[in-house]
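Please take these sequences and the hints and turn them into a complete structure.
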Amino acid sequence: TPTPPPPPATTTTTSTTASNTTPPSTPAARVLAAATSVLSRGKPPPSSEPTSTSASAPLVATTSQPLLLLPPPTLRVDVLRELVVQGGIPSNFRNECWSIFLGVRAAKLREKANFSFEQMVKMAATTARPKSLKDISKDLRRTFPSVARFREGFLRDLWQVLSAFAVHDRDIGYCQGLNYVAGGLLVFMEAEVAFYALTAVVERILVGYFQRSMFGLLTDTAIFSELLARHLPELAAHFDAVGVSILLLTSQWFSCLYIKSLPPEAAFRCWDLVLSDGAGALFVVALRLLRHFSPVLMAMHDDIDIVLRVNTLSESLFDFDELLQYDDVPAFFDAHTVELWRVRVLEAKIMPSIAAKEEARREREGRQAGAGGK
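In the working numbering, the protein residues as written are 386 to 759.
Don't read these hints as lab results, they were simulated from the structure.
Mixed in with the good hints there might be a few duds.
Said to hold, decoys possible - EDC-like, lysine to aspartate or glutamate: derived pairs with alpha carbons at most 20 Å apart: (1) K507 / E496; (2) K734 / E724; (3) K734 / E750; (4) K734 / E611; (5) K516 / E577; (6) K493 / E588; (7) K742 / E732; (8) K497 / E575; (9) K493 / D554; (10) K497 / E577; (11) K645 / E700.
What follows is the structure, given as structure tokens:
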């Protein structure tokens, strides 16, 4: 795996601490104050010296196009990223932190140049594909039924987010998996914010996952297969010998951001990592989960049993912080490097395979049409 460049050393020109007597006036300032307060518990008072992001926690992604789109000048990115890996973002601040990570403010401004969220919800009945709306209706009550029971309006909000997305991206419309991503966002966000967050996740992290060809999922599965063989070779060899399909693991883990496979709080800790560090964190979490459960998986010799075990980790009790302690698997993958991997694998493996399958489909349909004509 190429060694990613170190994060650029940038300094802040102001120092903000939790001891400010004036209440923070902006969402970014409130998040910063809360993050600083959490991290300072049991520690010496923070220094007044400017802090460099080069001293931040190891799960820091460097990229030519930063994930944080124009963060307010009061926001200390290093504090938020340290918070992500040291106990996770507090639940009552995930809304604002995730919005910042995903650039929701900028996405909202771009989208409103066309239609507002409210307009897209109203347009769904006449603009979205009927099949998309029908499939959304089928999946609504299957999505986090426990949340729907205790949160009034959850199903209404979920319908609005998914139907607006079907208008926003008619090429995708609706695909299973989107309901879990949207539902997870709605646990912490209002419907409009969740919609813009969902579009950012689909367009920047789960790229190509929900297209008909699923080229994004297939690409990331091929990348993860290589990473698994490199960093956990014994487990990879065991999976090969038993006949485990890696796609059966990644299709649920990656496309639903682990929300169907892990206990809720562990899943949302994963979301903290993925939304802050980008797609590379998908691979980080997957490698560390398999590293953690490798003794159990190595003792299993049926491929179906292994897949079921891996996809039902929600029934397992484990400390998520333990996953971050292993030093024999990577702690992060640079976002630019992941992008290069995706391009290489997509061009060399996935697109030729998709093209061959499409050609075979056309030939099959041609033969069937010919037989019908006779």
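Evaluated hints:
Between the alpha carbons of K507 and E496 the distance comes to roughly 15 Å, so the proposed pair stays at or under 20 Å and holds. For the given pair, K734 sits about 15 Å from E724 by alpha-carbon distance, which is consistent with the 20 Å threshold. Taking the CA atoms of K734 and E750, the gap is about 25 Å. The hint is violated against a cut of 20 Å. Distance check on the hinted pair: K734 and E611 sit about 13 Å apart at the alpha-carbon level, within 20 Å; holds.
For the given pair, K516 sits about 23 Å from E577 by alpha-carbon distance, which is inconsistent with the 20 Å threshold. The hinted pair formed by K493 and E588 meets the criterion: a straight-line CA distance of about 14 Å does not exceed 20 Å. For the hint pairing K742 with E732, the CA-to-CA distance comes to about 15 Å; that is within 20 Å, so the pair holds. As the CA atoms of K497 and E575 are separated by approximately 17 Å, the hinted pair is consistent with the 20 Å bound.
Restraint check for K493 and D554: satisfied, since their Cα atoms lie roughly 15 Å apart, inside the 20 Å limit. For the suggested pair K497 and E577, the alpha carbons sit about 12 Å apart, so the restraint of at most 20 Å is met. Only pairs whose Cα atoms come within 20 Å are accepted, and K645 paired with E700 is accepted, the gap being roughly 11 Å.
The structure is inconsistent with the numbered hints 3, 5, although it conforms to all the rest.
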